[in-house]
Structure formats: C-alpha cells, structure tokens
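In the order they appear, the protein sequences are chains Z and H. Anchor point for the first sequence: position 327 equals 327 in full-length UniProt numbering, and the numbering is continuous, going up by one each time. Anchor point for the second sequence: position 31 equals 31 in full-length UniProt numbering, and the numbering is continuous, going up by one each time.
Be aware that one or more of the hints could be misleading.
[Said to hold, decoys possible] Within a straight-line C-alpha distance of at most 25 Å, the following computed DMTMM-like cross-link-like pairs (lysine to aspartate or glutamate) qualify:
(1) K22/H / D67/H
(2) K200/Z / D375/Z
(3) K22/Z / E418/H
(4) K23/Z / D385/H
(5) K23/H / E353/Z
(6) K315/Z / E418/H
(7) K22/Z / D375/H
(8) K315/H / E358/Z
(9) K315/Z / D98/Z
(10) K315/Z / D387/H
(11) K267/Z / D387/H
(12) K201/H / E230/H
(13) K23/Z / E418/H
(14) K252/Z / D84/Z
(15) K252/Z / D93/Z
(16) K22/H / E418/Z
(17) K22/H / D375/Z
(18) K28/H / E358/Z
[To be verified] Which chain H residues face chain Z? A few, computed with CB under 7 Å, are given here:
(19) L15
(20) Y47
(21) A299
(22) S300
(23) L325
(24) F328
(25) H365
(26) V422
(27) M423
(28) H428
(29) P435
Calculated directly from the structure, the hints in this document are not laboratory data. All values derive from a computational prediction rather than experimental measurement. The C-beta atom is built at its ideal place from N, Cα and C for all residues, glycine as well.
Protein chains: 2
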Amino acid sequence: MKSDVVIIGGSAAGLMAALTLKKRAPEKTVTIIRNVINTPIPCGIPYIYGIMGQVNKNLIPDQGFIDQGIEILQREVEDIDRADKAVVFSDGDRISYDKLIISTGSKPFVPPLAGIDKTNVFTVKKDPVYLQKVYTALTPARNVVVIGGGFIGVEMAEQIALMGQKAGIEKKVTVLEMMPRCLMLACEEEFCLEIEEELKKVGVMVKTNCQAEELIGNGGIKGVKLANGEIITADAVVIGIGAQANIDLAIKCGLEADPRNGIKVDKYMQTDDADIYAAGDCASKFSCITGKPSGIRLASVAASEGMIAASNLCKGRSRVTMGALGAFSTKVGNRSVAAAGMTSRSATEEGIEFVVGEVTTPNRHPGHLPGSVSDMKIKLLFRRDNDQVIGGHVSGGDAASDMVNIIATAIQANLTAEQLAVMQYATHPLMTASPLSYHVMLAAENAAVKLR
Amino acid sequence: MKSDVVIIGGSAAGLMAALTLKKRAPEKTVTIIRNVINTPIPCGIPYIYGIMGQVNKNLIPDQGFIDQGIEILQREVEDIDRADKAVVFSDGDRISYDKLIISTGSKPFVPPLAGIDKTNVFTVKKDPVYLQKVYTALTPARNVVVIGGGFIGVEMAEQIALMGQKAGIEKKVTVLEMMPRCLMLACEEEFCLEIEEELKKVGVMVKTNCQAEELIGNGGIKGVKLANGEIITADAVVIGIGAQANIDLAIKCGLEADPRNGIKVDKYMQTDDADIYAAGDCASKFSCITGKPSGIRLASVAASEGMIAASNLCKGRSRVTMGALGAFSTKVGNRSVAAAGMTSRSATEEGIEFVVGEVTTPNRHPGHLPGSVSDMKIKLLFRRDNDQVIGGHVSGGDAASDMVNIIATAIQANLTAEQLAVMQYATHPLMTASPLSYHVMLAAENAAVKLR
Ligand SMILES: Cc1cc2nc3c(=O)[nH]c(=O)nc-3n(C[C@H](O)[C@H](O)[C@H](O)COP(=O)(O)OP(=O)(O)OC[C@H]3O[C@@H](n4cnc5c(N)ncnc54)[C@H](O)[C@@H]3O)c2cc1C
Ligand SMILES: Cc1cc2nc3c(=O)[nH]c(=O)nc-3n(C[C@H](O)[C@H](O)[C@H](O)COP(=O)(O)OP(=O)(O)OC[C@H]3O[C@@H](n4cnc5c(N)ncnc54)[C@H](O)[C@@H]3O)c2cc1C
Numbered sequence: 001m002k003s004d005v006v007i008i009g010g011s012a013a014g015l016m017a018a019l020t021l022k023k024r025a026p027e028k029t030v031t032i033i034r035n036v037i038n039t040p041i042p043c044g045i046p047y048i049y050g051i052m053g054q055v056n057k058n059l060i061p062d063q064g065f066i067d068q069g070i071e072i073l074q075r076e077v078e079d080i081d082r083a084d085k086a087v088v089f090s091d092g093d094r095i096s097y098d099k100l101i102i103s104t105g106s107k108p109f110v111p112p113l114a115g116i117d118k119t120n121v122f123t124v125k126k127d128p129v130y131l132q133k134v135y136t137a138l139t140p141a142r143n144v145v146v147i148g149g150g151f152i153g154v155e156m157a158e159q160i161a162l163m164g165q166k167a168g169i170e171k172k173v174t175v176l177e178m179m180p181r182c183l184m185l186a187c188e189e190e191f192c193l194e195i196e197e198e199l200k201k202v203g204v205m206v207k208t209n210c211q212a213e214e215l216i217g218n219g220g221i222k223g224v225k226l227a228n229g230e231i232i233t234a235d236a237v238v239i240g241i242g243a244q245a246n247i248d249l250a251i252k253c254g255l256e257a258d259p260r261n262g263i264k265v266d267k268y269m270q271t272d273d274a275d276i277y278a279a280g281d282c283a284s285k286f287s288c289i290t291g292k293p294s295g296i297r298l299a300s301v302a303a304s305e306g307m308i309a310a311s312n313l314c315k316g317r318s319r320v321t322m323g324a325l326g327a328f329s330t331k332v333g334n335r336s337v338a339a340a341g342m343t344s345r346s347a348t349e350e351g352i353e354f355v356v357g358e359v360t361t362p363n364r365h366p367g368h369l370p371g372s373v374s375d376m377k378i379k380l381l382f383r384r385d386n387d388q389v390i391g392g393h394v395s396g397g398d399a400a401s402d403m404v405n406i407i408a409t410a411i412q413a414n415l416t417a418e419q420l421a422v423m424q425y426a427t428h429p430l431m432t433a434s435p436l437s438y439h440v441m442l443a444a445e446n447a448a449v450k451l452r
Numbered sequence: 001m002k003s004d005v006v007i008i009g010g011s012a013a014g015l016m017a018a019l020t021l022k023k024r025a026p027e028k029t030v031t032i033i034r035n036v037i038n039t040p041i042p043c044g045i046p047y048i049y050g051i052m053g054q055v056n057k058n059l060i061p062d063q064g065f066i067d068q069g070i071e072i073l074q075r076e077v078e079d080i081d082r083a084d085k086a087v088v089f090s091d092g093d094r095i096s097y098d099k100l101i102i103s104t105g106s107k108p109f110v111p112p113l114a115g116i117d118k119t120n121v122f123t124v125k126k127d128p129v130y131l132q133k134v135y136t137a138l139t140p141a142r143n144v145v146v147i148g149g150g151f152i153g154v155e156m157a158e159q160i161a162l163m164g165q166k167a168g169i170e171k172k173v174t175v176l177e178m179m180p181r182c183l184m185l186a187c188e189e190e191f192c193l194e195i196e197e198e199l200k201k202v203g204v205m206v207k208t209n210c211q212a213e214e215l216i217g218n219g220g221i222k223g224v225k226l227a228n229g230e231i232i233t234a235d236a237v238v239i240g241i242g243a244q245a246n247i248d249l250a251i252k253c254g255l256e257a258d259p260r261n262g263i264k265v266d267k268y269m270q271t272d273d274a275d276i277y278a279a280g281d282c283a284s285k286f287s288c289i290t291g292k293p294s295g296i297r298l299a300s301v302a303a304s305e306g307m308i309a310a311s312n313l314c315k316g317r318s319r320v321t322m323g324a325l326g327a328f329s330t331k332v333g334n335r336s337v338a339a340a341g342m343t344s345r346s347a348t349e350e351g352i353e354f355v356v357g358e359v360t361t362p363n364r365h366p367g368h369l370p371g372s373v374s375d376m377k378i379k380l381l382f383r384r385d386n387d388q389v390i391g392g393h394v395s396g397g398d399a400a401s402d403m404v405n406i407i408a409t410a411i412q413a414n415l416t417a418e419q420l421a422v423m424q425y426a427t428h429p430l431m432t433a434s435p436l437s438y439h440v441m442l443a444a445e446n447a448a449v450k451l452r
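Here chain Z stands alone, though its shape is the one from the complex (with noise of 0.2 Å):
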C-alpha cells in the first residue's frame, strides 16, 4: 500500500496536517494512522467525568475526515525504514509514503513513586478505552487524591467532585501539588489563586507545597504518603503532572530525538530527513518571545505546528512557526483564568526587566448588566527595554479566553505598551466593559504611564 502522505497520530498535529493538506494539495493522498480506536478531544478528557457524564460523549468524529477523502486507520506503528520510505507495522505490512509527518504527541509523565503501579493509580491518557477504565473505578471512589496541581490535575479534580455530586455519592479529592501554587508555570500568582479558591468553593481540598512520596496499600490503593509523612486517603489516584514527547519510533529510525525536547525539528517543522515532518507535543518547539527550547505542548501550538508541516510538505518550505507560545485558559467553578506568554515569575528567571499594567472593573457597562462579572480582572506584562507585551493574564467570565487572544497576538506580533493603549476596541453594554475601561486598552495604557 502506497499513500502520497502518511501522518502517524491523529490527534490535534495529526488531524490539522491532514486538513490542512486536503484544502493546499487535494490531489495528494493522505493516510492518519492511530493506535487507539478513538481519538478523544484531548483538552475535553477532564470534563468526561463530570459535565459529561460519559467517555463517548468526548470523542473526535471520524467522519468529517473521511468525507474529506482522509484515510484513518488503527494500528500500532512499530518503525518508520527511512531508506525504503515506509511505516511498518509489527505484523510486517507496510505503508509507502512520499512523506510523512510524525505526530505521536505526548505520554502522561509517570513519575518514579513507590507504590506506581497499584490498582486505580491512573494517568491522563488520550485513549478512550483506558479513560473508561478511569471512569469506572472513579464512579464509586470516595476518596481520590489528583497528584499535580497544573491545569490537567485542577481540571480533573473539579471535574471529579462534580462526577460525586451528579451522583450523589460524595467524593472528597485532594490536589497535592508540589509549587508554592496551583498552575504556577503558566499562571499570574494571584490568579493561581483565584483558582485554588473556586476549588475550594467546589468542595475541593488543595495542599499545595507539597510532595507525594509514596502510594500506599496491599494492591490496591489506600492512600499517598507525603513527603512530610502526612497520609491521605485514596481509594483512587490520578497522576496529572505532565506530559512528555512520545520519541520512540523517532529515536527507532535514528531521527535526532531527546525526551526532554522532543523530535528535533527546524522552524519549518521538518527533521533531519527532509522527507520527515513532526508536529505537535513530540516535536522540539522553542519560545516565541526568548527564543529559547521551550517545553510547552498545549494543543493549540499542535494545531499550528501541524498546518505549518502540511502546508511546507507540499509546497517547500514556505511557512515558518513563529515559536510556541502558551495561551490558554481554564475554568474552575465560575471563574475562568487565561494566561498568554510570560509570568513574572518566567520573566524574572529568564532577566528580563518588564513593566506591569493592571486593571479590574466590571465586563459589563453599567456593571449591574446581566451577565456582568464584577472583578473582571487582567494583568499585562512589558519588557522594560523595548516596551513589547511578553505576557497576559485575564480571569473573570467565558470571554476571558477571548480576551487573552487579544494579547495573544500582541504578543506574536511584538505590539507595544503604547500600540495597544491608543488602539480602539469595540465595546457593548452588553458584552464588554466601559470603553473609557476596556480592559486590553487600560492596563496597556497604566503600563505605558510606567514606560515613559
């Protein structure tokens, strides 16, 4: 079998590649191969167990794709032959291609604990078989500890006391993490915060500042011993603290590949072998705003590191990624809390002198409009040296994610203090804050007043 292009994973990377490629090359054949039956929507997995109620629920639809002329297939790809230019699987078939974009994305990181490996100690994996496993054991549990408190362990949790409440059988979760707070790496720490509050609001515990050491139980799970000898109950336990690049068949193939980085690539999204894309959580990424390697993977730098390979696989390299960025957002109880680019806490690290512009006022104008989000609040950070936005920080309503959008682009398009200050912005009554208070617009215009 002979297919013009091949994508291995048929997630976000994988899927947009393909996309991509059937709107720039119709002619081209493509071929998605996968190893799960399903390709869940990654990003949606937490909200299975609550919102949802149901694995199935949260799935990509094939359909789409086919429709498009995209083949999808289930199978475990075992090596890539370079020489021969084929994917081969373990009962020795084989798939041609002319080129081939390695989009494995990423395993849940299992970190080296005593007692790993007793029954219901789950990860966050992006296989819907395996998260019905999670959901079944989840569904009586009245005690879970989530060991990391970034935005997968946060999500799951509340998720996982929403699954109790639906139920009516109460489940007491515990967010063990081990930084001063909750989503410290992408997060403002006032908006971490935020978030531990609507936590706790929900009825979840958060110990953060805090190691797990070991699992406990005789094959079963009982409980996580901390580091300061503390033990909390678990009759179940989800390990969210991370992802790391799933290289193996890159490394099998002899492709340039390490954990830490992923498959290394140039901005082009090609490998080392010309005919070799990668995309996505496996592939090396470097920051937009230091340049720097950057270990971000978030599904929306998939996306666009997945329509940049598409879009130079067919027409030579035309397209450049402009460096991974991190936007993203959240949402926990009633508070929804975006982040795009750098924290203090990331600048700082990083020596990078920066400016700060912050405002809170109501989403609304008058503020007493329904819908109105009283402390809309946002935080914007410049570098003092040539007065570029390098990060963005919004909690409040569901436009918070929209919002960071907006910084978002600032961002990747280096506007300054000044530009995003006397720049106009539609404001409404009904849907935004006061055009004398928008939000983007003042806390540029109180960091430009620092900048002069």
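For this one, chain Z is given, so just place chain H with the ligands on it according to the hints.
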C-alpha cells in the same frame, strides 16, 4: 477662576481625557464642563427602555472622577475667548485655561421631514432629562416607529419591544431603514440578515428599502407616511439616523471645522490653535485603513482620542492616533454581532480588491457543552495586494465582542492572513472552538489558501 486644563464635554472623550491627565500630569488642575445634569452612558441608552427600566440606572457616576480631583461643572459654555484663553458663559462668567480640550461630541441628526415637530417625535439625545421624557412618552405607546436601522435604531427598537413585554403593554414596533438592510454600513450583509431575523423573533417589524416621507397627525403624531404612500400607525416615533459633529463653539471662536467632518485636528488631536485640542465625536477623523476622512463616531474612538489629546497636551506632541477603525458590537435577542473595519461593500467602493476567509463552527468543543452557540460565524477580509486584514465580522455568543477585538488589533497592527493563520490562540472546551477550528485562525487560513 482658572484651571490648567478645561475640558468642554463630560462624556467618553472628555472623561477619558480627564482620567489620562490625572494619570500623566497629576499636578495639573482639570475642570470638566458639561451642559447636562449627568452624563448618561451613551451606549447604554437603548437599555434604559428595556433591560434597565430606568434612566437613573444608566448614568456615569461623577464620584470616581471627583475623587481623583477632577472638577465637574454643569454649565453651558457660550463661547471660547482664544485671545484671552478662557471659556465664557452666558452670564459673563469665565474660566481661564492653559490648555483646552473641546469634546462637545455629537447631536442626533434631524432629518428635514415634514411634521418633525409633532409631539411624541424624539431623537436619541445624550441628556437624562430628555431621555426621561422619551421614557414617559414610550411607556403607554402601542405603536412605535423607529426611523433608522443603524445600531441605535436596532437597539432602541428591540428594547422598546422589551419595555412593552415587561409592562404587559404590547407594543407594535417597526424599524424603517432606507438601505436594503439594517446595520449595512457596519456589517456584512449576511450578518445584517441575522440581526433582522432576531428582531423579528422579538416581535419587531423590519421594513428596509423604505423611506419615511412625512410624519402625520394633528399636533400629536398619528403615523409615518412612506415614500410609497403607505402609512404606518404610530403614537410615538424615535429617530436614530446618525449623529452630527457638534462644532458650534469651534465655529464661533474661529477654529476650522465643518458639519460633515467636525473640528479639524491633526494626528496629535491638536486644532489650529496650539492650545486647543479636540477629541471624540466632534473632532475630524481619518480612516485607519484608507487614510481618508472618516465619519465613524464611536465611544471607542472617542476614548482613544481623549487619551491621545490629554497625553500630548501635557507632554508635547508624542502620541499619535492610528485613525478611526470602526470596531463595534451589538446584541439582539440571543445573537451577538460584531464588526471591525471594512465590509465587502465599503472595500469595493474604495476599489480595494480583497479575499474572504470564513468559518462557521461551534464556540465550544465538543459542541454540546453548555453555552454552545452551534453556528458561531466569522468572516475576514484581506487585501489582495498585501494580504493584510482590513475587516472582520463575527456573530454568535457574547464573546463575539472580544473576538472581534482580536481582529481590531490585527487590523491596527497591519497583520496578514499568514500571520493570523499560523499564530497560536488559547482554546478551551468550555469557552472556545476547538484548536482545529478556532474562528480567527481557520478563517485566516481559509483566506491564506486563496492568497497564495
Ligand atoms: C487532560 C488534558 C487537558 C488538556 N487541555 C488542554 C487545553 O485546554 N488547551 C490546550 O491547548 N491543550 C490542552 N491539552 C494539551 C493537548 O491535549 C495536547 O497538546 C495535544 O493533544 C497534542 O496533540 P498532538 O496531536 O501533538 O498529540 P496527542 O494528542 O498526544 O496525540 C498523539 C497521537 O498519536 C498516536 N500515536 C502515538 N504513537 C503511535 C504509534 N506508534 N502508532 C500509531 N499511533 C500512534 C496516539 O494514539 C495519538 O492519537 C490538554 C491535555 C490533556 C491530557
Ligand atoms: C444610543 C447610542 C448607542 C451607542 N452605542 C455605542 C456602542 O455600543 N459602542 C460605541 O463605541 N459607541 C456607541 N455610541 C456612540 C457613542 O455614544 C459616541 O461615539 C460617544 O458618546 C462620543 O463621545 P464624546 O465624548 O465624543 O461625545 P458625546 O457623548 O456626544 O458628549 C458630548 C458632551 O459635550 C457636552 N456639551 C456639548 N456642548 C456643550 C457646551 N457648549 N457646553 C457644555 N457642554 C457641552 C454634552 O452635554 C456632552 O456631555 C452610541 C451612541 C448612541 C446615541
């Protein structure tokens, strides 16, 4: 009496100028003079009649400004004595200034219709006393005709219908629009249609391609006669057909100004008199896209200009306006529509060749999550000669307003389809489209494919 800075007009432009002065030159004394008891939130005026139910709920509180040391006077300025640098009142009182900002805004345009002076015929004035009179007259009215289907007319019509529903007095509300569609100057035709559909759903009759010719009745209004002879019964008429720069004072004191374009200012918002700035609806503008004179009169533009005028006034000519953009949003029923920059129509009129990128996709992923608008829609316009974005149109949920501001930012920063397509945007299941179809990204990519 003397004030370092005198500001005539206490609405968007004047208030923003005062706030900016207190931020950038707190040592200066600042006096705002306005000829109304209180400043209504201009954009909130339609919602007085429906959602809010009270004129008083839509006033900008003075206290926040007074707390910052800004003096607010309620008086009518009769003249400006430029030689002596003072504003003059009718009783001969004067206030001297070092610098003056004219932000006298705009007045509703009053069409030369026969019968315009009948009772119960109103315009939409930014004066709480007048708005209360309108309120009193509309309360018992059963047949209301709104002349003008721009955003003021559309919002007034929807809210007057709601006023009736809330009071249990059914009101037959009709909007008359001269052009083929409501909102046609700001929005793409298909988005105009969406709004017209929503108006019908809330019980408002929409008559387009339709010219009011005469207001009939004996003293009191009885109906509106159209150019085609048809008569629409009316016991109240609201006219919202646009606003005209308020240049009376400027003309009186010999500044260059004309009724169409307003008071002549340069890009620093300075008039021909170096000590006098003008900002907001009363000031002349140029389009940030074409550079040509622009009649866009919006609170967002006014706020930006007020900020720029105030900054230059205290620090010399340092801040520059980018030109008026026209970024705007509105909501009728449950549908929000937002626009930034050009429409296909205005681009064609300007002789600009452009390429369109469109997407309709849910604003949640998966699409069945709470808050989903299954057909959130975006349309972007890019110049064919340089690939830059010149217009964007969004409809769907409340986040449309913030999403259109991504486009507003992109237009003002001259970003291209390529840049907007490969950029990364935060996505989250509960708040946005999927990373494979985030509206701005995918619409830009759909255009980029055509621009190759
Ligand atoms: C719980 C959770 C929540 C998240 N929330 C967000 C969010 O809100 N926003 C955001 O931007 N990001 C979020 N992310 C991150 C996002 O999911 C990832 O960045 C994204 O899935 C990466 O996509 P990818 O295509 O690169 O790889 P993956 O999604 O990891 O997919 C890799 C694919 O390759 C297949 N594969 C691997 N090896 C083989 C093989 N040998 N043969 C065949 N197939 C193979 C896998 O089965 C899989 O289909 C979240 C992640 C998780 C786990
Ligand atoms: C119903 C309605 C809805 C709107 N909705 C929106 C919207 O959603 N978004 C948006 O961006 N824009 C909207 N606009 C437009 C927006 O309101 C105007 O662009 C904005 O008000 C302009 O602000 P300004 O300060 O320049 O002038 P104005 O608001 O017109 O204020 C001028 C001020 O000057 C005072 N004044 C004038 N002459 C004198 C004098 N001689 N002495 C003393 N005082 C004087 C007036 O009393 C007034 O206080 C809307 C307008 C209306 C009418």
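Okay, the hints, checked on the actual structure:
1. K22/H / D67/H: Between K22/H and D67/H the Cα gap is close to 11 Å, so the pair holds against 25 Å.
2. K200/Z / D375/Z: holds (19 Å)
3. K22/Z / E418/H: Since the Cα atoms of K22/Z and E418/H sit roughly 18 Å apart, the hinted pair holds (cutoff 25 Å).
4. K23/Z / D385/H: The hint holds at about 22 Å.
5. K23/H / E353/Z: holds (23 Å)
6. K315/Z / E418/H: Distance of about 14 Å is within 25 Å: holds.
7. K22/Z / D375/H: Cα-Cα ~23 Å, so holds.
8. K315/H / E358/Z: Holds, at about 23 Å.
9. K315/Z / D98/Z: holds (14 Å)
10. K315/Z / D387/H: holds (18 Å)
11. K267/Z / D387/H: holds (22 Å)
12. K201/H / E230/H: holds (24 Å)
13. K23/Z / E418/H: holds (15 Å)
14. K252/Z / D84/Z: holds (15 Å)
15. K252/Z / D93/Z: holds (17 Å)
16. K22/H / E418/Z: Answer holds: K22/H to E418/Z is near 18 Å, not above 25 Å.
17. K22/H / D375/Z: holds (23 Å)
18. K28/H / E358/Z: holds (24 Å)
19. L15: Nearest chain Z Cβ about 6 Å off; hint holds.
20. Y47: holds (6 Å)
21. A299: holds (4 Å)
22. S300: Holds - the Cβ of S300/H comes within 7 Å of chain Z, reaching about 4 Å at its closest.
23. L325: For L325/H, the interface hint holds, since the closest Cβ of chain Z sits about 5 Å away, which is under 7 Å.
24. F328: holds (5 Å)
25. H365: Check passed: Cβ of H365/H comes within 6 Å of chain Z, closer than 7 Å.
26. V422: holds (6 Å)
27. M423: holds (5 Å)
28. H428: holds (4 Å)
29. P435: holds (4 Å)
This entry satisfies every hint, going by the numbered hints stated previously.
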